Each structure stands twice: as C-alpha cells, then as structure tokens.
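Listed in order, the protein sequences are those of chains A and B.
Residue 11 is where the first sequence starts when you use the numbering used here, and the numbers rise one by one after that.
Residue 11 is where the second sequence starts when you use the numbering used here, and the numbers rise one by one after that.
Worth double-checking, as some hints may not be accurate.
Because identical chains cannot be distinguished in the list, a pair is counted as satisfied if it fits within a single copy or across any two copies.
[To be verified] For lysine to aspartate or glutamate, the following DMTMM-like pairs were computed, each having C-alpha atoms within a straight-line distance of at most 25 Å:
1) LYS213 to ASP237
2) LYS234 to ASP182
3) LYS234 to ASP149
4) LYS234 to ASP79
5) LYS32 to ASP284
6) LYS234 to ASP40
7) LYS32 to ASP67
8) LYS291 to ASP79
9) LYS234 to ASP33
10) LYS32 to ASP115
11) LYS50 to GLU206
12) LYS291 to ASP83
13) LYS234 to GLU209
14) LYS280 to GLU152
15) LYS280 to GLU209
16) LYS32 to ASP225
17) LYS213 to ASP149
18) LYS50 to ASP120
19) LYS213 to GLU97
20) LYS280 to ASP86
21) LYS50 to ASP237
22) LYS291 to GLU52
Since the hints were made in silico from the structure, they are not lab data.
Since this is a predicted model, take the numbers as computed values, not measurements.
Number of protein chains: 2
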Amino acid sequence: MTALIDAYPSRQGSRPSITPRKDPVVHATDPGRGPLSADKVERYAREGFLIFERFLDASALAVLRGEMDRLWDNADRADPAVIREPESDVIRSVFDVHRRSRIYDRMVRDPRIVAIIEQLLGGPVYAHQSRINYKRGFDGKEFFWHSDFETWHVEDGMPRMRAASVSIALFDNLPINGPLMLIPGSHLHYVACIGETPEDHFKYSLRRQEVGVPDIETLCHLVKEGDGIAAPAAPAGSLILFDCNTMHGSSGNMTPYPRSNLFVVYNSVKNTLDAPFGGTKPRPEFVAGRDFNPLVPA
Amino acid sequence: MTALIDAYPSRQGSRPSITPRKDPVVHATDPGRGPLSADKVERYAREGFLIFERFLDASALAVLRGEMDRLWDNADRADPAVIREPESDVIRSVFDVHRRSRIYDRMVRDPRIVAIIEQLLGGPVYAHQSRINYKRGFDGKEFFWHSDFETWHVEDGMPRMRAASVSIALFDNLPINGPLMLIPGSHLHYVACIGETPEDHFKYSLRRQEVGVPDIETLCHLVKEGDGIAAPAAPAGSLILFDCNTMHGSSGNMTPYPRSNLFVVYNSVKNTLDAPFGGTKPRPEFVAGRDFNPLVPA
Numbered sequence: 011m012t013a014l015i016d017a018y019p020s021r022q023g024s025r026p027s028i029t030p031r032k033d034p035v036v037h038a039t040d041p042g043r044g045p046l047s048a049d050k051v052e053r054y055a056r057e058g059f060l061i062f063e064r065f066l067d068a069s070a071l072a073v074l075r076g077e078m079d080r081l082w083d084n085a086d087r088a089d090p091a092v093i094r095e096p097e098s099d100v101i102r103s104v105f106d107v108h109r110r111s112r113i114y115d116r117m118v119r120d121p122r123i124v125a126i127i128e129q130l131l132g133g134p135v136y137a138h139q140s141r142i143n144y145k146r147g148f149d150g151k152e153f154f155w156h157s158d159f160e161t162w163h164v165e166d167g168m169p170r171m172r173a174a175s176v177s178i179a180l181f182d183n184l185p186i187n188g189p190l191m192l193i194p195g196s197h198l199h200y201v202a203c204i205g206e207t208p209e210d211h212f213k214y215s216l217r218r219q220e221v222g223v224p225d226i227e228t229l230c231h232l233v234k235e236g237d238g239i240a241a242p243a244a245p246a247g248s249l250i251l252f253d254c255n256t257m258h259g260s261s262g263n264m265t266p267y268p269r270s271n272l273f274v275v276y277n278s279v280k281n282t283l284d285a286p287f288g289g290t291k292p293r294p295e296f297v298a299g300r301d302f303n304p305l306v307p308a
Numbered sequence: 011m012t013a014l015i016d017a018y019p020s021r022q023g024s025r026p027s028i029t030p031r032k033d034p035v036v037h038a039t040d041p042g043r044g045p046l047s048a049d050k051v052e053r054y055a056r057e058g059f060l061i062f063e064r065f066l067d068a069s070a071l072a073v074l075r076g077e078m079d080r081l082w083d084n085a086d087r088a089d090p091a092v093i094r095e096p097e098s099d100v101i102r103s104v105f106d107v108h109r110r111s112r113i114y115d116r117m118v119r120d121p122r123i124v125a126i127i128e129q130l131l132g133g134p135v136y137a138h139q140s141r142i143n144y145k146r147g148f149d150g151k152e153f154f155w156h157s158d159f160e161t162w163h164v165e166d167g168m169p170r171m172r173a174a175s176v177s178i179a180l181f182d183n184l185p186i187n188g189p190l191m192l193i194p195g196s197h198l199h200y201v202a203c204i205g206e207t208p209e210d211h212f213k214y215s216l217r218r219q220e221v222g223v224p225d226i227e228t229l230c231h232l233v234k235e236g237d238g239i240a241a242p243a244a245p246a247g248s249l250i251l252f253d254c255n256t257m258h259g260s261s262g263n264m265t266p267y268p269r270s271n272l273f274v275v276y277n278s279v280k281n282t283l284d285a286p287f288g289g290t291k292p293r294p295e296f297v298a299g300r301d302f303n304p305l306v307p308a
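Pulled out of the complex, with its shape left as it was, chain A reads as follows (with noise of 0.2 Å):
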C-alpha cells in the first residue's frame, strides 16, 4: 500500500470542526444511467438519503425475519461478531451476516439493490459490513448521532466519500419504536470530531460510542441548515438508502414493538481500505471487510 493523504482528518484537535465535504454524492459519469429516474438521484445528491417503501414483499419478509431469528438463537457467547446492549445482556446486533447466512448473502446482492448502488457509486461495489441490528422493544438503547463515514475513515482506513448504507426495516419503523433520524443535507459537510481513538475501540464503540461523536454545536448547526430532522415512518420491507457521511441516529426504543433492519454498507471498489487513517490498527473483518472483489448480483 501506498501511504495516502488524508483528506477528512478527525480526532486529532481539540476542537471540533465542519468543512466542506470534497467528493461528490454521486459518482457516476452517466447518472442517468440505472434504475433510479434523475428526480431521485437529484434528491439523493441534495439530501443525502432516499426511502423505498415496501421494498420487500411479505414471504421475503418473513424468510429475513426467520433468519434474524436463527442468528439469535445460534449466538455464541464467544463470538466477538455478537455486540451486546450497553446496559444489558441482551444482543444488540450481530454483524458480519452476509458471510455467515446464505440468505443475507443474497439479500445483500440483490440485483435491484447492487444496480441503484452503482449507478450512484459509479461501477462496481463490494460489502465494507454487514449486520442486524436487533433494536428489541425495552431494551434497544440509543444509537446517538454519527456519520459513518467518520468512523470508516479513522478506523477502517477508508479514503474518500464514495461508499452508501442500506438499511431494511424488517418491522415497521413506528414513530415511537426509535426509528431511524437523518439529518438533511449533512453529508455535504465534514465534521471532524475530538478524543483520540484508545487501541480496540469497536470493543466497546460498537454498544455505545463516546469517541468520533460529533458535538452539540455542530449538530445544532447541520439541523438548523438542513431544515430539520427526518424520521420517516416506513412500514416493515422498506429500504431507506443513505450516503456514509449523513448524519443519522435513533432513540433508545421502549415500546414492546421490535425495530430490527438489516444494516448493509457498500463501498466502491475504487474506494477499498488502506491503513486507519487515526494510526490505530485495522479492526477486524467483521466489522470491516477487506475482501474488495465486486459484489455478483444474486
């Protein structure tokens, strides 16, 4: 590997920062090109996320539900793969299913998903992560405020904005069962975080996360500009698509109606990891792949 410049620093100074984000949203040289009309790729470029409600037909729906289901009943208790609620016992979510579900392995080159995915990234992609987030009634916690991106960057080694995230409601996204919240707008923006990121960090950043959290001011700032939040309210099957470097998050979840999605993140093969850019070592494959060959479509 050659050493890289590293265009979007963060955890480095004191304070925090936003600057302009310095690639684009959608990387294609054709963007008409694909199944998304332009109007949606458009929107995709200014807003940064793009909802599809009722991807998934019910009998699919119920083959992903039954498979969440076995990963949960076969969690081994030493598997690092398993993340654990922070204030329980209670798995929160289970990542690296592509490579360890058949089904999942599909679900994540599903033809219609893999051809929007690069008509917006430009050719071929690969999985950077897979997972379920279980998000259980009473005891899903929060997921506070992040770009993805951020943590990939520092900790993955992956170089520039040009990788997207899946998500698939596999229960409805209710406005009281923690749904997903995105920030508008906020992936044109950087925002560098502060704290130095401790050797092991996805041991514990992965049930709550203390370090690459961006600060109220910012946060603040990106809500006002982008005209607010959005919490859309999708019913089970939904797929809600989002560039890595929008701000997003959900609220702890104390209803007894289950909020889990299948959580799939797509990086251009033209985008593949180099070594963490915050110096600290590469984590491991099942939170970040470094199996870069193009995804087949299933």
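With chain A held as given, fit chain B onto it using these hints.
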C-alpha cells in the same frame, strides 16, 4: 395516624402480579358538575388520560419558560430538589417548583385546572408534587414505563387511587423528541412490582428508576389490551391530564428540541398520605408534600 390496610401491595413478592383497580377513576358523585363534558369524563374514565391542546396562550407560555430558565440558572449544587441526568451533570428535573416560584404557584392553582381536577376527583385537592422536567435536547434520557401511584403508595403512603397528574408542554411534544407515551386503559389494572425498596431510594430513582418498575410481560399485556400506545404530538402550551395509575413513560431525547414540561400532581384531601406502605421512611417534602390544605384557585 391509624394503621391502614394496604389495598395495593407491591415490591413484596418474588413475582409480579396484575390485579383489577379497587377504586373508581372518576370520584365525583355528580360527574356532570364541572367544566368537562360528560363525553370527556367518560373518556378519562375509560382511557385514563385527556389532552387539551393549546391550553395556554403564547404569552402565558413565555412566562412559564422564563421561570424555567431562571430555576435552571439559580440551581444550587447542594439542593436535593435539583435532580441531574443519570449519565451527566445536566439538570433533569427541579422539584417543588410551586413552593419556589410564585409564577408556578399561580399556575398550579389555575382555576380552570383546579375545577377540572375537582370534577374528576370529587372535591378539594392539594398539591402532592410539582416539578419541571427539562428533558433537554441531546441529554434528556428516558423515563421508563411506570405507574406513578405504585411509587406514591409504596414510598409516600398514598392510600388509594384518587390523584391525577397534569403535564403542561413548555415546548412542542414532537414524535422525535421523546414525547409522553401512555398506555390507554392501563389505569384500570394494578401492577405489583418485584424488588425491595432501598432506604433513600429517591436519591437515585429520580435519575433512573430500577425498583418499582413493571415487568415486561405485564407491559406487553397492557399494551395489547389497551390496543397500543398513545404518544400525542401536542404543541407547546398543551395540557395532558392523566390518572395516577396510568402506565406512562418517555424515550430519550436525542434531538436539539427540548421537551420541557411542568408536571403537577393533585391528590384528593380525602386521600392524604399515611406512613409509606413499603415500610421505609417517608420521602422528603420536595418530592411528596405533606401540606394537605386544599388548593385555593388563584
């Protein structure tokens, strides 16, 4: 004081239980006498809460907000009535505000509110508790599901269910800023909790409650029977009135929008406090007042 029979035992067994309420919800001999329509009274009896949108106008609201800020600014570190968030030093609640503020004293004795409460509880009432819940943006953590009556009975010696709470929204109750959630019909059941009450429980229960918390199975049962959860999105100045035994709570507030409210508990003068039924010493005056003089409308 004569020893009273414990009509609602809790925190005594090793298993939770759910039993029918032994008291009426509407105590008036002539419930038609008062400001509430028969329809409203009937709905309160059935669902356990009522919402009055925009009960206060903008100028009244501005005064209450100003007083809220004044109490925040003047909060004394040594004052036990100032409660802080469980994970930070940020103020969560200031108690006993009707005795610390002439403005809140008048608000608590608002003739319209007193008339409504007297109609439902059948005669004169006094203030059992008052507080500002700040529920600030980013910092405001959840209030887990609970029946207030359970705590007031066990820890304060409130004999029967003849009390009601009023929450006045000082800012908008949005779907995303941790609005009050209630379980319709839950007030018709008494949920006995497990666990023993430690001495000086209030010193941490007001930050985060861990004893006097209903079990999850019972909560699911109540939600199912009550046909869901109500989370009314109410604009600033709205008033939510609920029975002392209505199961309620609120999620954390991760948004920049505060969800501050003025919270007042009215108890019938025919239901004054005895020794705590849990056997602990009474909680301090700031959380459970023992001035049983009827409120005089301001």
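Check LYS50 against ASP237 for me: Cα-Cα at most 25 Å, and say if that holds within a copy, between copies, both or neither.
-> within (19 Å within a copy, 38 Å between copies)
Evaluate LYS234 and ASP182 at a C-alpha cut-off of 25 Å and name the case that applies: within, between, both or neither.
-> between (28 Å within a copy, 17 Å between copies)
Is it within, between, both or neither when you check LYS234 against ASP149 at 25 Å Cα-Cα?
-> Classified as between: cross-chain Cα gap 18 Å, same-chain 31 Å, threshold 25 Å.
Up to 25 Å CA-CA - ASP149 versus LYS213, copy category | Intra 19 Å, inter 24 Å, cutoff 25 Å: intra and inter.
Are the CA atoms of LYS32 and ASP225 at most 25 Å apart within a copy, between copies, both, or neither?
-> Within one copy, since 21 Å is at most 25 Å while 51 Å is not.
Between copies, within a copy, both or neither: which fits LYS234 and ASP40 at Cα up to 25 Å?
-> neither (33 Å within a copy, 51 Å between copies)
Using 25 Å as the alpha-carbon threshold, which applies to LYS213 and ASP237: within, between, both, or neither?
-> neither (35 Å within a copy, 40 Å between copies)
How do LYS32 and ASP284 come out at 25 Å by Cα distance, when the copy is not named: within, between, both, or neither?
-> within (18 Å within a copy, 67 Å between copies)
Evaluate LYS291 and ASP79 at a C-alpha cut-off of 25 Å and name the case that applies: within, between, both or neither.
-> neither (33 Å within a copy, 47 Å between copies)
Homomeric proximity label, LYS280 with GLU209: Cα distance no greater than 25 Å | neither (28 Å within a copy, 62 Å between copies)
Status of GLU209 relative to LYS234 across identical chains (alpha carbons, at most 25 Å) = neither (35 Å within a copy, 46 Å between copies)
Using 25 Å as the alpha carbon limit, work out where LYS280 and ASP86 are close: within a copy, between copies, both or neither.
-> Neither: 35 Å inside a chain and 57 Å across chains, both beyond 25 Å.
Of the numbered hints stated above, those contradicted by the structure are hints 1, 6, 7, 8, 10, 11, 12, 13, 14, 15, 20, 22, listed in ascending order.
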